[in-house]
Every structure is written in structure tokens, then in C-alpha cells.
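*Asks:* Generate coordinates for the entire structure from the input sequences, incorporating the hints supplied.
There are 4 protein chains.
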Amino acid sequence: MGNVLVLYDSKSGNTAKMADYVAQGAKDIEGTQVRLRSAEEASADDIFWCDGLAVGSPTYVGVVSWRMKRFWDEIVPETWGKVDGKIACTFSSSGGWGGGAEMTCLSLHIMLMNFGFLVFGIPDYVGEAFTLHYGAVVAREPKREEEIAACQRLGKRLAQWVAVYVDGRKEHLPGPIDKR
Amino acid sequence: MGNVLVLYDSKSGNTAKMADYVAQGAKDIEGTQVRLRSAEEASADDIFWCDGLAVGSPTYVGVVSWRMKRFWDEIVPETWGKVDGKIACTFSSSGGWGGGAEMTCLSLHIMLMNFGFLVFGIPDYVGEAFTLHYGAVVAREPKREEEIAACQRLGKRLAQWVAVYVDGRKEHLPGPIDKR
Amino acid sequence: MGNVLVLYDSKSGNTAKMADYVAQGAKDIEGTQVRLRSAEEASADDIFWCDGLAVGSPTYVGVVSWRMKRFWDEIVPETWGKVDGKIACTFSSSGGWGGGAEMTCLSLHIMLMNFGFLVFGIPDYVGEAFTLHYGAVVAREPKREEEIAACQRLGKRLAQWVAVYVDGRKEHLPGPIDKR
Amino acid sequence: MGNVLVLYDSKSGNTAKMADYVAQGAKDIEGTQVRLRSAEEASADDIFWCDGLAVGSPTYVGVVSWRMKRFWDEIVPETWGKVDGKIACTFSSSGGWGGGAEMTCLSLHIMLMNFGFLVFGIPDYVGEAFTLHYGAVVAREPKREEEIAACQRLGKRLAQWVAVYVDGRKEHLPGPIDKR
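Chains as they are written, first to last, in the working numbering: chain P, 37 to 216; chain G, 37 to 216; chain A, 37 to 216; chain X, 37 to 216.
Each hint should be verified, as a subset may be incorrect.
Same chains, same names: a pair is fine if it fits in one copy or spans any two.
[Said to hold, decoys possible] Calculated cross-link-like contacts (lysine-lysine; reagent style DSS-like; alpha-carbon spacing at most 27 Å):
no., residue 1, residue 2
1, Lys47, Lys118
2, Lys215, Lys47
3, Lys118, Lys215
4, Lys179, Lys215
5, Lys179, Lys47
6, Lys63, Lys206
7, Lys179, Lys118
8, Lys179, Lys206
Keep in mind that the hints were calculated from the coordinates and are not lab data.
*Replies:* What follows is the structure, given as C-alpha cells:
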């Protein structure tokens, strides 16, 4: 059954905390195997292994951190052209609201599309005026209930799409969107 | 079996020609039903109907044309939150290379992700130094062999992902990437 | 002395309120002439008139609203190629945090760059974990102190760059960044 | 008078060749001082020194190369908040048309806006159906006349905006746009 990789880079620990919640959410779908890896631990094999992946980077001047970018740049010769069709999503912690977390998720989407992955956003609201249309985003440490819920929802939705599309387990189709 | 919608806006006719080639490509996968609709003809029902959609807009100042944007803005109340999980890709004709066709595809991706669609790019090269990583892009009319091939490849890949993921017809998994 | 145009589209009134605060901020720099126009009132003459412009759109599926896009698409024949070098910035109100307000500002930046405008973001923080690196963004109505401050700071910074760069009034160079 | 920095990363040498042409173009405006630096040679002092900067990266999976990103990530503590208001533009060489060169320029724009720079695109056409609205882009080595012209035009326009806006030398205002 579906394999989910949660891949992150983190210096302050904030994006690492998000990654933990994303992994938690993915485990909500029974049968899902989850691997949690930092950009420094991960290898091309992790990318080959997974059916779905969630990629998280701190927001550094609005674009993926150089450490996470190096991981992807360096595995190009080994993986590019052999991994398309996997399902992917993103998350980021920034220094403040309006500080570029959506932009950082965008840079990750662009990278992932280049590999031929299918990238998705999430219409659901997870709190009052709080959503994750372009990936889960928080300012600094994920602490408030809706920030944690955003990370969990992201992981769960990833595992759902993997269950439905890769494993053909249609019973895991997400129910109606949470519009609040 | 899989339903593919090719939705486009076009004033000069260039993006309309791309749409024809995209539709042709989708028909390469047997069993695929294809609808071709302009933004003025299409309705929310077309979005409900399809499993996969390719959306094309002319490049107008680097962002989706207002007519195509109006289509999506106006169907939000009826469709938003009810159509996520469909598979989508994009195409655009601009006035010149370097003129924003990739950017226009990006604006379409952003719109589509907001609805919860799974959007994809294509690693394959379809000619000498010619690819479609962020959707099929041409300058003006699609005329050269690789420009036409890009549109066809886009439609075909869309129909393949729909066949594999929505219909579970794994025999339609794309073969090895064309790296040239 | 410097002419600043604040151009906006708004249906719910939220982006219109932001526009008012942006205009207020621009008036902080003495000598600045400020025009406030909706996309339906504005004409190509307003674009010719201004030295700096702030453009605001509601976040509709993560990209500029069709009404604002129509304004720009329709003035292309009259203005494109005659207005480059003006200084520009953006703002947007979305339905929720993580809902695409940064993305909507991005679509506006892409449009403005196509015209040859110089577009800028703002490093300053205007509240605890609250900034406007890619334009002023709020969720729904601008109500909290930092949301209002973001709009005002945007307008003021625009008027400052116009004063410094267009008028040569170097005494209006912004002071040190507010890092909080 | 105006100081222009041309900062690039290059592995194959293609983006380095673009950088040479950009630097050539900047020298077209008399009085302009030009520095050409790779991301490995450059330091924070180069950023403090310049009034205008052109930043070039190869297109690696559609986003700035990790080496160029590392340069910017690492100078944040020293420069961020002290360098806003400089004028900036971008360039990129990709593996093929449609391969993400515009996207890579976009990631550079996002980074530069975060620092508070004023970033610009160029409306001018420099060849048949060939322009540089979002920075100069080429596929592989810059060889064709219009590819070289795009790089030179970028450097020249940067030097012009610096002359006009920073030095107040209004005689260097660009003439009418080249629409072809």
C-alpha cells in the first residue's frame, strides 16, 4: 500500500515541527507507510520508494532554502525522468505573515512539476479564516490549533490521494470540503 | 472511461489551434472521451463532467486572459469545493519567446490548485532544446513540428494520467521519458 | 511632485478598505498627489498620469480578479510600450491566511513587470510576525492594527520611492528597516 | 556615477556567457562602473557597492541553482534590511524552450523583492517573436543574434534605470520601446 515521504529542511526547528505533524496526518490513513527525512538524511532511494511526497522548506527570502535545493539539484542525474507521476504537496514556515511562505511553497511546486510530479493544493479551511490552498503555511513555530491542523490535513490529504489514485482504494476519497 | 476537457480562450486563433492539437493528443489513448470548449461556450457542467482538464489561455501581460479568468471566477459558487482531485495541465501562446507563456501557465496552475486539482508538468523533450516542463508553450501560431508535438504530448499525457489514476488502467503508464 | 495612483477592484469592500489605507499612507509624504480609482472608474489616462502605482485585487482563486485583469488587458493597445519605468507595488485581501493573497500579488507583479514597471516588496515588519514582503496582504477585512499598518506602510513606501527616484528628493529615503 | 553588479552562477558556462553580454550592455551607458562576479567570488560588499544588479542563474528544475541561493541565504544576516531600494533584473539559461527559464527568473525576482529591491522586466522585442519581458532567457548557449541582443539589452536597460533614477541623469531615459 501507499508509501509517503515527508522531506524537510529546518534550521530553527519550526519546519521540522511542521514535518512531524504532516507525518502524523499521513498516518491517519490506514495502510500508509510513512518516512520522515531531512534533506541531509534523504537520498534518491527515498524518492524512488515513495508514491506521494510532502516537501517542506523554511522561507528564506521567499524561495526554497539552498540546502533543500541542493538535495534536488544533486539527485537530478539519478532520478530525473524516472520518477514522474508521483503525487506531491508542500509546506513552509516563514518569519511572519506576508513573509513569503506561499511563495516558498510555489518554488517547491515549480521544482516538483519539473520532475513530472502531480502537485496539489487543498481547498479546505482548517480554522477561522485559515486555509492551505497552496500548501500548509505558518509564521514561525506551528503552535495555534489551526496551524497544527493545517499540517495534519496536508499529510492526510496526501495519503488519501495516494490511497485513491495509486492503490485504487476509492473508499479513501476525501469527503466534502470543509468550507467553515 | 476517462473524460478529458480541453478548455481554451483565444482571440487571434493561436491558442485555439493549440487546443485542437491537445485534443488530438488526448484521443491517442483509446477509450478517452474528449470535449473541446472555449471559455465562452463552457459551463460548470463541463468541469463536473471531466476527470482531466487541459486549460489554455493566450499570454496577455503574462497572466491568464480576463475572459478565461471570468469563467473560473464565475463558477466558484457552483463548483468550488466539489471538484477537487481532478487532474489538470495548461498551455499558452505568447507574442514571443521570453514573453511570459510560462508565467501564464503558472497563473493557470495557481487557479487550478486553488480548486484542489492535481496539476502536472511534463519532463519530456519533444524536439531539439524544446520541452514543456510547465505546460505547452509556443510563440504565436503553433507551426513548427516541435510546437505541434508539445501540444499533442500534453493532451496525451493528460489522458494517460487519467487512464492510469482515475480508471486504474495501468497499461497506459507513460514509458520512459524522452530526453533527446 | 510625485503622482501616486491607488487602483483597486473590490466586491466585498475589503480590498477597497485596503486601498483607502494605502492612499492614506501615500499622503504621509508631503507633496504627493494621490488618486484613488476602482478598476471600473480608471482609464489609461490615470496610468499615464501617475509616477507610482499601487494595485490591489481581491484574491479570487489565487490570481488577480477578472475585472482588474480586464482593465489591464484592454488598455494594452493604448499604453503598452509607453509607460515603462514607473514604480509599482501591490495588495490583496483573501478569504483566509494561506488562501493565496501572496499569489494574487504575484500575478499583479507579473502583469506590472510586463509593462516595464519597477515593482518592489517591503522588508519591514509592521507587527509581531507580520510583514509585507510581497505586498500588503490581509485575510478578509483589514481590522487589526498590523493589517492597517501594512497597507499604510505600502502606500508610504511607494510615495517615498517616487519622491526619491522620480523627484530626486533624497531627503525622503526610507530610514532603517523595521525588523521587530 | 552608477555602479552595476552582474552576478551569476554557471556550471556549463552558458549563464556565464550571458553574464558577459549583460555586462557589455551595461557599459553602453557612459559613466557606468561594471563588476562581473560569480556567486562563488561575490561577497556582501559587492551588494553594498552596487546601485543596480543583474542576477543570473542556470535553470535547474525551474528554480535558482542552489549555489546562487546559498550566496543570498548566507548574506542575509549582514545585508538584509540595509540594501533595499536598489534596482535589479535577472537572466537564465535553460536546457530547452519551455524548460523553466522564465520560472527561474521568477524565483530570482521573488528573492530580490524580499530584500526590497525594485525589479523590472523589459517590454522591448529584440528579434522576430523574441523578447525579455521577465528577464533575458535563452536555451543552452546564447548564440543567435537575438539571444545575445536580449542579454545586452538587459544590461543596458539596467544601467539606464540606474543613470536616470539613482544618478538623476534624465538624458539616459530609454527611448520608445522596440515593438518589432
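*Asks:* Now tell me if each hint is right for this structure.
*Replies:* Results for each hint:
1. Lys47 to Lys118: between (30 Å within a copy, 23 Å between copies)
2. Lys215 to Lys47: between (34 Å within a copy, 20 Å between copies)
3. Lys118 to Lys215: Cα proximity of Lys118 and Lys215: across copies only (11 Å, versus 37 Å in one copy).
4. Lys179 to Lys215: both (22 Å within a copy, 22 Å between copies)
5. Lys179 to Lys47: within (17 Å within a copy, 33 Å between copies)
6. Lys63 to Lys206: Both: 17 Å inside a chain and 26 Å across chains, each within 27 Å.
7. Lys179 to Lys118: neither (38 Å within a copy, 30 Å between copies)
8. Lys179 to Lys206: This pair counts as neither: shortest intra-copy Cα distance 33 Å, inter-copy 42 Å.
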